[in-house]
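Input sequences plus hints: build the corresponding full structure.
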Amino acid sequence: MTRPPKPNGTPRRVSSSEAAAALRVPLATFKKLAALPGAPRRTGKAKLYTLDEWRAFKRKHAAAFARVVEETARAVELRARRLRADCALIELRVATLRALYVPVADVNEAWRRNMAEARAVFARMADSLAVRVEGMASGEIQVEAARALDAAFMELHTGKVQ
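According to this note's numbering, the sequence shown is numbered sequentially starting from 755.
Label-pair restraints from in silico Cβ distances:
id: 1; residue 1: VAL861; residue 2: ARG821; range: 43 to 53 Å
id: 2; residue 1: ALA864; residue 2: LEU843; range: 22 to 32 Å
id: 3; residue 1: ASN868; residue 2: LYS785; range: 55 to 65 Å
id: 4; residue 1: GLY889; residue 2: ARG867; range: 29 to 39 Å
id: 5; residue 1: ALA859; residue 2: LEU910; range: 20 to 30 Å
id: 6; residue 1: ALA899; residue 2: LEU851; range: 43 to 53 Å
id: 7; residue 1: TRP865; residue 2: ARG833; range: 31 to 41 Å
id: 8; residue 1: TYR855; residue 2: GLY889; range: 50 to 60 Å
Straight line, CA to CA, 25 Å or less: simulated SDA-like cross-link-like pairs of lysine to any residue:
id: 9; residue 1: LYS801; residue 2: ALA788
id: 10; residue 1: LYS786; residue 2: GLY798
id: 11; residue 1: LYS799; residue 2: SER771
id: 12; residue 1: LYS812; residue 2: VAL823
id: 13; residue 1: LYS812; residue 2: SER771
id: 14; residue 1: LYS785; residue 2: TRP808
id: 15; residue 1: LYS814; residue 2: ALA788
id: 16; residue 1: LYS785; residue 2: LYS801
id: 17; residue 1: LYS786; residue 2: GLU772
id: 18; residue 1: LYS801; residue 2: PHE819
id: 19; residue 1: LYS786; residue 2: ALA829
id: 20; residue 1: LYS799; residue 2: ARG766
id: 21; residue 1: LYS786; residue 2: VAL830
id: 22; residue 1: LYS785; residue 2: ALA817
id: 23; residue 1: LYS814; residue 2: VAL768
id: 24; residue 1: LYS814; residue 2: PRO780
id: 25; residue 1: LYS814; residue 2: ALA789
id: 26; residue 1: LYS814; residue 2: ALA782
id: 27; residue 1: LYS785; residue 2: SER771
id: 28; residue 1: LYS785; residue 2: ARG796
id: 29; residue 1: LYS799; residue 2: ALA788
id: 30; residue 1: LYS812; residue 2: ALA800
id: 31; residue 1: LYS799; residue 2: ALA810
id: 32; residue 1: LYS812; residue 2: SER770
id: 33; residue 1: LYS812; residue 2: PRO791
id: 34; residue 1: LYS801; residue 2: HIS815
id: 35; residue 1: LYS812; residue 2: ALA776
id: 36; residue 1: LYS814; residue 2: LEU781
id: 37; residue 1: LYS801; residue 2: VAL822
id: 38; residue 1: LYS799; residue 2: ARG809
id: 39; residue 1: LYS814; residue 2: GLU825
id: 40; residue 1: LYS786; residue 2: GLU824
By construction, these hints were calculated from the structure, which means they are not laboratory data.
Beta carbons are placed, not taken as given, at the ideal position from N, Cα and C, and that holds for glycine.
And the structure:
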């Protein structure tokens, strides 16, 4: 992909993309590397890089080179994770619009309504039970309480709450 070296020994001058390809890094990473202090600069009318200078810079600053490459790869991974999360949110919104999912507010409202009904049923059961068990023995109270609870649960189960 890159041009062969010049035969007369003049340093080879290349564009950003060719330098990135020769150094085996993505162009975005190369641009970050070019911003490092001491990095070779573009020269001449064509504003090209000298490939030999870049290779020497890579050898001399291998740790900085590796750090920039790693940071760029991490940034790409974070960007990909964010895009996946955004896609998941969009899919959830679409599913909600298609009524495949119910919004949390609706679920909470239904839960509050059902709990209020259950409290009302159990409060009525407790009031009626108190009157019925007056003067009964403990075994009879236990049987009557079990019957009253079964009736309350059946009322809640069938949905015929008064």
